[in-house]
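A.B. asks: Sequence:
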Amino acid sequence: MPDSPLNPTPVSDPSTVSVHQNSSSLLPQEKSLWELLATWRNGDLSDDDLKAQLPLLDAWRLNTGGELRLDLGRYSRCGVPEVIYGPGKRPDQIVDAFELLARARQPALATRLTPDQAEALLMAFPAATVNSLARTVSLGSLPRHSQTVCVVTAGTSDRPVAEEAAETARWLGAPVELICDVGVAGPQRLLAELPRLRQAAVVVVVAGMEAALPSAVAGWVAVPVIAVPTSVGYGANFGGLAAVLSMLNSCAANVTVVNIDAGFKGGYVAGLIARPHASMKAGN
Numbered sequence: 316m317p318d319s320p321l322n323p324t325p326v327s328d329p330s331t332v333s334v335h336q337n338s339s340s341l342l343p344q345e346k347s348l349w350e351l352l353a354t355w356r357n358g359d360l361s362d363d364d365l366k367a368q369l370p371l372l373d374a375w376r377l378n379t380g381g382e383l384r385l386d387l388g389r390y391s392r393c394g395v396p397e398v399i400y401g402p403g404k405r406p407d408q409i410v411d412a413f414e415l416l417a418r419a420r421q422p423a424l425a426t427r428l429t430p431d432q433a434e435a436l437l438m439a440f441p442a443a444t445v446n447s448l449a450r451t452v453s454l455g456s457l458p459r460h461s462q463t464v465c466v467v468t469a470g471t472s473d474r475p476v477a478e479e480a481a482e483t484a485r486w487l488g489a490p491v492e493l494i495c496d497v498g499v500a501g502p503q504r505l506l507a508e509l510p511r512l513r514q515a516a517v518v519v520v521v522a523g524m525e526a527a528l529p530s531a532v533a534g535w536v537a538v539p540v541i542a543v544p545t546s547v548g549y550g551a552n553f554g555g556l557a558a559v560l561s562m563l564n565s566c567a568a569n570v571t572v573v574n575i576d577a578g579f580k581g582g583y584v585a586g587l588i589a590r591p592h593a594s595m596k597a598g599n
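At position 139 of the sequence shown (counting the first as 1) the number is 454 in my numbering, and the numbers step up by one without a gap.
It cannot be assumed that every hint is accurate.
So the derived label-pair ranges between C-beta atoms look like this [to be verified]: (1) Y549 <-> Q462: 33 to 39 Å; (2) H460 <-> G403: 41 to 47 Å; (3) A442 <-> L360: 41 to 47 Å; (4) L509 <-> D386: 38 to 44 Å.
I should point out that these hints are in silico values taken from the structure, not numbers from a laboratory.
The beta carbon of each residue, even a glycine, is placed where N, CA and C say it ideally should be.
Required output: the full structure, derived from the provided sequences and hints.
C.D. replies: Next comes the structure, spelled out in structure tokens:
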């Protein structure tokens, strides 16, 4: 494959890239590191205290080169790297962000990409995973585990938002089951999928129109249900406003709601719920 004009030295796997830091990649707390080491060397700081302080310094790390102020310390602080939001960014800016994450040995995810943005990423990172329906590109993922996230759609028209949720949850390390087109207009379809739903650690329900499906699902499962309203529907749906209000008024106590068409947010929260707590600490 020819080199990308945006990135003449493609990188396909963040695990093969050495960590790159220079004077522009750290905030002034770099000076604090030397002060911390000096205190330890002088015997005024114990080994255990030094080990406790070092991750806190790394958690502030930024790369401020060029046009990006990429939060490379987010993985240490929050257990998940920064995710790249595509709208408004040039393809080369998104490629640069992926390259910085790869050099820091962090997995990368970009959402809401145009075809040109996705193509630029694939040229620079041939091993990346592209989902054109979800409009996502990912490179690597967080550690895998066995707690399943189930993503459910009311209708086929909700599929793009559901795919965004599914790709996000997979990137966070969760196995994902995708169940499509089981809306309340044909309730027998949902009943047929109950065995799969009941195996999940968390369920993401993506629905437009009157958005009744999350309540119907929640009454059959003993886990959190994350409702994602979509803008699918006729005029009185008001671009998803009717759906989000319906979900917010669900009488099922295990339903919580994210923003309209926010498949990423639904998949992200589901991934955090499903992920074992121990792996959330300090970017493990």
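A.B. asks: Enumerate the violated hints, using their earlier numbering and listing them in ascending order.
C.D. replies: 2
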